[in-house]
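Position 401, counted from 1, in the sequence shown is what the numbering used here calls 410; the numbers after and before it change by one each time, with no gaps.
Bear in mind the hints are in silico, worked out from the structure with no lab data behind them. Hints should not be assumed to be uniformly reliable.
[Unchecked claim] Straight-line distance between alpha carbons at most 35 Å, and here's what the computed DSBU-like set of lysine-lysine pairs gives: (1) Lys358 - Lys87; (2) Lys358 - Lys74; (3) Lys87 - Lys340; (4) Lys358 - Lys340; (5) Lys87 - Lys74; (6) Lys340 - Lys74.
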Amino acid sequence: MVSDTARITDLPLEVLEHILVILDPLDVASTAQVCQLFRGLVYTADDEHFWRALYLAQSFDDPRKAVTYLGNRRTDIKWREELQNIIRARTVVNDVTVCRPDERCQVLRTLLDMVTNVPPLPFPESEPTSRNVVWMQTLLQDGAFLDLESHSHEEEQLRARLHTWFGLTDRDALATQRVLSRAYVYSQRNYGPSNNFGPFMLDGSGVVNWVHMQKLAHVFASALVEKEEDEELAFEICSMSLTFCQAVIPPSLDLNCETDWAGVEGLWRISYCFMDHRELLIYNDPNMPEDEPLDHTIFEDGELEETFSAVDIFFRVINVERDPDHPTRPKINYVGEMDGNFSIVGYVKLTPDHQVRWHFVAGNGDQPVWWGEAIVMGNIRSQYGVLGAWSTTMHDPQDPIGPFWMQCQHPIED
Numbered sequence: 010m011v012s013d014t015a016r017i018t019d020l021p022l023e024v025l026e027h028i029l030v031i032l033d034p035l036d037v038a039s040t041a042q043v044c045q046l047f048r049g050l051v052y053t054a055d056d057e058h059f060w061r062a063l064y065l066a067q068s069f070d071d072p073r074k075a076v077t078y079l080g081n082r083r084t085d086i087k088w089r090e091e092l093q094n095i096i097r098a099r100t101v102v103n104d105v106t107v108c109r110p111d112e113r114c115q116v117l118r119t120l121l122d123m124v125t126n127v128p129p130l131p132f133p134e135s136e137p138t139s140r141n142v143v144w145m146q147t148l149l150q151d152g153a154f155l156d157l158e159s160h161s162h163e164e165e166q167l168r169a170r171l172h173t174w175f176g177l178t179d180r181d182a183l184a185t186q187r188v189l190s191r192a193y194v195y196s197q198r199n200y201g202p203s204n205n206f207g208p209f210m211l212d213g214s215g216v217v218n219w220v221h222m223q224k225l226a227h228v229f230a231s232a233l234v235e236k237e238e239d240e241e242l243a244f245e246i247c248s249m250s251l252t253f254c255q256a257v258i259p260p261s262l263d264l265n266c267e268t269d270w271a272g273v274e275g276l277w278r279i280s281y282c283f284m285d286h287r288e289l290l291i292y293n294d295p296n297m298p299e300d301e302p303l304d305h306t307i308f309e310d311g312e313l314e315e316t317f318s319a320v321d322i323f324f325r326v327i328n329v330e331r332d333p334d335h336p337t338r339p340k341i342n343y344v345g346e347m348d349g350n351f352s353i354v355g356y357v358k359l360t361p362d363h364q365v366r367w368h369f370v371a372g373n374g375d376q377p378v379w380w381g382e383a384i385v386m387g388n389i390r391s392q393y394g395v396l397g398a399w400s401t402t403m404h405d406p407q408d409p410i411g412p413f414w415m416q417c418q419h420p421i422e423d
């Protein structure tokens, strides 16, 4: 009697390969341990034909059709390595106890790669189509992995970035979590000349502080959710989530040759919120020593309310300046007007860590009063928008601060 293993190995190699490709990658790895024939099919081929087929059989985007966070086509796809990293990340998210200490950051980088390398949408009104995004939302739907304690600064930043992109989780709805986020966002201690009074590291490096960004996202999204009875806000609530992270790049547009590579020109809605100024001053008690934490009590009684407002402003690009660190992404200088009186002057450029930074000053006439620093959420030109912190140009310790979010309502057609 011929054994089952013998019968299956008598099949043509093409059939065996097809059987392997329709298996889960973890089952493929187990099958490869059965005999030399299967191991040879999986691991010793000279090219990545099998791994490409196995990757494309999964519920992921085809990376050949994807663009990077900044809109460049991918040219360096490593099918085997990338798929193995993804499956390992899936395993760790489902059972964090199997995670080795030296792979925690790698798992987070892999998950971020999954959502920062997705196919672009051709138009702003296009329906989201990324399979990577759907897979990620299913994997992280309970938010537990995003709330794990980080063991290093790098891990903390990576996890905060992934959380910011993902959007609100069930745990974010807890009163205790919102207290912590509000306490961070409205603390004057987190803003100063060394971080340009924005969500950047306080060491003067200009690198984005994703912990700060996640707190801003939590505070602002929570303020929007509280207004869900207003039907006009329904889309805005939904769009502060991973669903809307896909880049929007018309088929005829080459961002490497485009002056307005960031999609600045168009009608933008700037939404912002702030707490009562008297309560802000009470919280930021100037008599409290710097080495002692501020008193969070003001956020704990449930009575504090934030005021939410929005304005629509048309932005236009006035010129660009060469950025030697990013030759294909020059600094974009722009202006904006509202009702012929209120005006904005600002720029868009890449940070040292290659994030898209928006800066502006605004006010009536030639008297700028307001200051904004923000980072693009989602991939380039996506409908996720731009999130940051506003303050005043005087930066007086007693001046107001708060989060703001910008979303393009009607872009200028390229």
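Quiz item: Between Lys358 and Lys87, is the straight-line Cα distance small enough, at 35 Å or below?
Solution: 30 Å, holds
Quiz item: CA of Lys358 to CA of Lys340, is that 35 Å or under?
Solution: 5 Å, holds
Quiz item: Between Lys87 and Lys74, does the CA-CA distance stay at or below 35 Å?
Solution: Holds, because 14 Å separates the two Cα atoms, which is no more than 35 Å.
Quiz item: Is the straight-line distance between the alpha-carbon of Lys340 and that of Lys74 35 Å or less?
Solution: 27 Å, holds
Quiz item: Do the alpha carbons of Lys358 and Lys74 lie within 35 Å of each other, as the hint requires?
Solution: 26 Å, holds
Quiz item: Hey, Lys87 versus Lys340, does the alpha-carbon distance stay inside 35 Å?
Solution: Satisfied, since the Cα-Cα distance of roughly 32 Å is no more than 35 Å.
Against the hints set out earlier in the document, no violation occurs for any number.
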